[in-house]
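S.K.: Each chain, letter by letter, is given below.
Protein chains: 2
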Amino acid sequence: MASALQNSLGTIDRSTVEQIVRQVALEFLGRGKAQAPVLTVQTSSRHMHVCREDMDVLFGPGAELTFDRPLYQEGNFAAKETVTIVGPRSRLISNLRILGPMRKQSQVELAFTDAIMLGFSDIPVRLSGDIAGTPGAIIIGPKGVVELKEGVIRAAIHVHMNPAEAAQFGVAKGDKMKLRIGGQAGLTFNNVHVRVDPTSRLNVHMDTDEANACGLHLTKDIELFK
Amino acid sequence: MASALQNSLGTIDRSTVEQIVRQVALEFLGRGKAQAPVLTVQTSSRHMHVCREDMDVLFGPGAELTFDRPLYQEGNFAAKETVTIVGPRSRLISNLRILGPMRKQSQVELAFTDAIMLGFSDIPVRLSGDIAGTPGAIIIGPKGVVELKEGVIRAAIHVHMNPAEAAQFGVAKGDKMKLRIGGQAGLTFNNVHVRVDPTSRLNVHMDTDEANACGLHLTKDIELFK
Numbered sequence: 001m002a003s004a005l006q007n008s009l010g011t012i013d014r015s016t017v018e019q020i021v022r023q024v025a026l027e028f029l030g031r032g033k034a035q036a037p038v039l040t041v042q043t044s045s046r047h048m049h050v051c052r053e054d055m056d057v058l059f060g061p062g063a064e065l066t067f068d069r070p071l072y073q074e075g076n077f078a079a080k081e082t083v084t085i086v087g088p089r090s091r092l093i094s095n096l097r098i099l100g101p102m103r104k105q106s107q108v109e110l111a112f113t114d115a116i117m118l119g120f121s122d123i124p125v126r127l128s129g130d131i132a133g134t135p136g137a138i139i140i141g142p143k144g145v146v147e148l149k150e151g152v153i154r155a156a157i158h159v160h161m162n163p164a165e166a167a168q169f170g171v172a173k174g175d176k177m178k179l180r181i182g183g184q185a186g187l188t189f190n191n192v193h194v195r196v197d198p199t200s201r202l203n204v205h206m207d208t209d210e211a212n213a214c215g216l217h218l219t220k221d222i223e224l225f226k
Numbered sequence: 001m002a003s004a005l006q007n008s009l010g011t012i013d014r015s016t017v018e019q020i021v022r023q024v025a026l027e028f029l030g031r032g033k034a035q036a037p038v039l040t041v042q043t044s045s046r047h048m049h050v051c052r053e054d055m056d057v058l059f060g061p062g063a064e065l066t067f068d069r070p071l072y073q074e075g076n077f078a079a080k081e082t083v084t085i086v087g088p089r090s091r092l093i094s095n096l097r098i099l100g101p102m103r104k105q106s107q108v109e110l111a112f113t114d115a116i117m118l119g120f121s122d123i124p125v126r127l128s129g130d131i132a133g134t135p136g137a138i139i140i141g142p143k144g145v146v147e148l149k150e151g152v153i154r155a156a157i158h159v160h161m162n163p164a165e166a167a168q169f170g171v172a173k174g175d176k177m178k179l180r181i182g183g184q185a186g187l188t189f190n191n192v193h194v195r196v197d198p199t200s201r202l203n204v205h206m207d208t209d210e211a212n213a214c215g216l217h218l219t220k221d222i223e224l225f226k
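Residue numbers (our numbering), protein chains in the order written: chain A, 1 to 226; chain B, 1 to 226.
Calculated directly from the structure, the hints in this document are not laboratory data. Note that the structure is a prediction, hence the values are computed from the model and not measured. Please note that the accuracy of each hint is not assured.
Chain copies aren't distinguished; within one or between two, either way the pair holds.
Unchecked claim - In silico BS3-like links for lysine-lysine, alpha-carbon gap of 25 Å or less:
no., residue 1, residue 2
1, Lys-220, Lys-178
2, Lys-226, Lys-80
3, Lys-104, Lys-80
4, Lys-173, Lys-104
5, Lys-178, Lys-226
6, Lys-149, Lys-178
7, Lys-104, Lys-178
Okay, chain A solo, but in the shape it has when bound:
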């Protein structure tokens, strides 16, 4: 498992650095343009959200997630805790990061490349939380093992925004927008789901396949539109 381990660590490190650089760069570029909301685009590496019940099994009764670093959306964080996921063909990926806070349902978000590596023939593209009928997996923690009956998804690319930003773009929750990424490997995501919440900060979440396909690290030429 050395290679999967190294890949996992490499991806997380790179993603973190990119996220910081992009955020700083875009906030700098956004200065002086009072009208335009500052757009940040972030890459979500594979990760897990865990419910209280599964946390008890994986990390021991009453165990809490340990804060490691903040995520862009207020209150969300990467935890120090990681698990191992075992796919349908007994392949596994170690160091699957847990993101906090805990949720009502456990859920694993993988890029399609990760899913192939684990032996899934396919995983559904879903919005976070919409896991009915999705595949399951075995999750191994330091204190126990959970068999998820469902919850393995590929997260649909989406944009978080608050109601004022939604009004500015002329969109509502459930709408889809387009995200154009410039540069040599440039492409336009045609189905960016709009998620609106008063506490949200404007930013797009894509997975590592999407970020790697478009060379997100190569360009600042990014445009979100209806």
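Fit chain B to the supplied structure of chain A, relying on the hints for placement.
M.R.: Below, chain B without anything else, positioned relative to chain A:
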């Protein structure tokens, strides 16, 4: 290296199956439309092209590539021969497939995900054959080791076509076209390089990151346009 090995094999198998299914489906859909060239879209898994000199070192003096299966472009084939590639941080990927026939220069084509796995901080997006100034790598064969000084690229998404098809699309060699992939993870590749050759058959080549990002396996709703 078990996981990298399995991933490599899994990707190749899946890609082959997809290629056949898509080709049959698109040819079926294309029947009766005498005007429209039949478009095939194929996923290139990571692979290597090898020159005579490096073949001698890797597989022994005078060794030839062994035909394994044909590729869509006339005369091209996947060879039975594979090598191991070692990246800048001593990480490696085994079972890197060689595609034939031999070329004037050795070249390795990786998805960006593969590049990260190997420890490259970045690899350039290039058209095949345009390798000046690109990173190198160590290549290990059964009979010897080659240090490639350059030749590791991420292949730019491109479309092969013959002059009649180019005329029909109204494009010329060096132009760029757009490729829209429908479905849930739908997106539009905005920089599809046009390659024109009398022997070519119309088809698009994308890498595994691109295919996985757009969920190429999920849809037949595909459109190539200027």
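S.K.: Checked against the structure, which of the hints given earlier come out wrong?
M.R.: The structure conflicts with hints 2, 6 and 7, although it agrees with all the remaining ones.
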